[in-house]
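A.B. asks: For the protein sequence lines, the chains are A and B, in the order given.
Letter by letter, the first sequence follows residues 1 to 324 of the numbering used here.
Letter by letter, the second sequence follows residues 1001 to 1324 of the numbering used here.
Keep in mind the hints are simulated off the structure, nothing from the lab.
As the structure is a computational prediction, the values presented were derived from the model and not from experiment.
With a cut-off of at most 35 Å between alpha-carbon atoms, the simulated DSBU-like pairs for lysine-lysine come out as follows:
1) 315/A x 257/A
2) 1100/B x 320/A
3) 1100/B x 41/A
4) 100/A x 1038/B
5) 1112/B x 102/A
6) 112/A x 25/A
7) 1315/B x 1197/B
8) 100/A x 1320/B
9) 38/A x 1102/B
10) 102/A x 1041/B
11) 25/A x 1100/B
12) 315/A x 165/A
There are 2 protein chains.
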Amino acid sequence: MAGIRDVARLAGVAPSTVSLVLNNKGYVSLDTRRKVEKAVKDLSYMPSTIARNLSLNRTNIIGVIVPEVLHPFYSELVHELEQALYLRGYKMLLCSSSNKEKAEVLFVDMLKTHTMDGIIVGTHSMDLSIYEGIDRPIVAFDRIINDRIPVVHADHVQGGELAAKAMLHQDCHHIVQVIGAQNVRCPANEYHIAFEKKIREAGCMIDTIEMERNVFSPEAFYRVMSEVFERYPDVDGIFGADLIICAALAAAQEHGKRIPEDVKAVAYDGTYVTRLSPFAITAAVQPLQELAGIAADTISRMIMGEAPGSIPVPKLTLQKGATC
Amino acid sequence: MAGIRDVARLAGVAPSTVSLVLNNKGYVSLDTRRKVEKAVKDLSYMPSTIARNLSLNRTNIIGVIVPEVLHPFYSELVHELEQALYLRGYKMLLCSSSNKEKAEVLFVDMLKTHTMDGIIVGTHSMDLSIYEGIDRPIVAFDRIINDRIPVVHADHVQGGELAAKAMLHQDCHHIVQVIGAQNVRCPANEYHIAFEKKIREAGCMIDTIEMERNVFSPEAFYRVMSEVFERYPDVDGIFGADLIICAALAAAQEHGKRIPEDVKAVAYDGTYVTRLSPFAITAAVQPLQELAGIAADTISRMIMGEAPGSIPVPKLTLQKGATC
DNA sequence: GTGAAAGCGCTAACAG
DNA sequence: CTGTTAGCGCTTTCAC
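Produce the complete structure using the sequences and hints provided.
C.D. replies: See the structure below:
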């Protein structure tokens, strides 16, 4: 394996000059630049990223940790983050924390040991003490960790109201919403509050069902929705995250309810599962691409040693589908 | 930031001794071990992975490149790979090649520059010349690159036959199968051949529709399925990858066909989308967890300098659902 | 413009 | 069992 010294020797220059050429830095005469480039090509030289990392004390790797890549929302988030990071010159190290005890702790340790330059945290672990006193770049995605860690999230108040308006236009009278675990602090918990408020203001009845933390299986969702239809026979509106609504569609059919004739359904998030059938599910869509860009910009800034700056809070949009 | 020398000084030993303690290598007296551990704790010392990497010329990072993380099949693959690699002490650097010109080339370059110790390739780019003459660990997932790169894949002949048997049991007469692009060499292309053979042997009519490469959108699938129902009004069996079958379910409804009464449907892959509704889609399920383990074992062996060895070819299983 | 030399923070022989 | 020494392969001052 040829090294920078071999290239230097062949080109008849010093290693430092080769380095300058490779990194387009400083002033190098066209002539020596040519010589170096030829030597690089002749030796099919490939610089060692590992050595470079040590010199710069930087890896250009950002860690991304999510609860579960399989979940469409996180699939989409990971997809967008990878693209956003790529555009900014970073590579993405991915960790899916489900099935892994201590995944988040290990990940933060990897940040401390400089395996990555920064991390974007999308998990909801309960122990926030691991984030105390860390002076390395961390960005939280839709999760409040502590007051030193910037949070990237959409405008969930607006999102909740958007969904509420969509349902109220359809003249619902008894709405049931299914929400995530409320024992984790995250901006996304705001949307059902805003939703409920708007619904009540319109004089409409609303019941709320809370799911457990980190429960994502279709079976669990279906069970919950079945219960909903049994417990509230007069329900005519369902609101919840994408997969909940998918389950609602299935459960409704089982319980002899037609959607949207008997029951309206609005999904929150609007990932691709709401578009799997030709008749899209009506949904409040999170601007994941934009959010990923904001997260990438923020972590990038922190790595450069700058302050995170103010974080934009983008709005959701309504996807008009066939379910409401 | 404390370094290994600081720890050594505080503990009153040499840096090499500290290294031995940290890595549980060689023989260190209990006494000095204690001293070192205390010093480590007192300084909250975190060893630099970057420096370690240079010394060892190894990063413990495996690159994984797939066409599209959003696609359920690849979500699931990525999920399983990450877990399998994690269990073997590796971290996963993920690249989704869609929307990225030259992603595969860049990825292979990163392998050459030692950003990763090895890569697992699941993409289907057309230019295989970039893999010529590389002496670093590469494993292909369901894709034939060249005769030096080991391929991990399920037994698609058995899988195709499994699906065929399922349909023949239901007494189909005119089956349409939708398949991926055939201009890429991959073991998965075998399944529709095996399927077709079995179906023809049973004296059943079969038509085949080929999709373009890297087309994964629900809309595209739906369009294709709509055409199928229009062109073949007597079709009573549909076979294709998961998302095709999802689209088939939707399109069937539109065209007044009931599933499974009028048309049977069998999916190939059997990812979680086939289980999104309580009535699962009948499917030939790829053992992705097992495949991921095989891929991880193989790349691991190659990194250790061993030969890839023989690659097991696991079988698919039938998920009995409500569609056939 | 270019080269010499000093690291970056670890690991690994090899003495002792 | 522990310390000394020499790298790993780059980048980066700082003279020339």
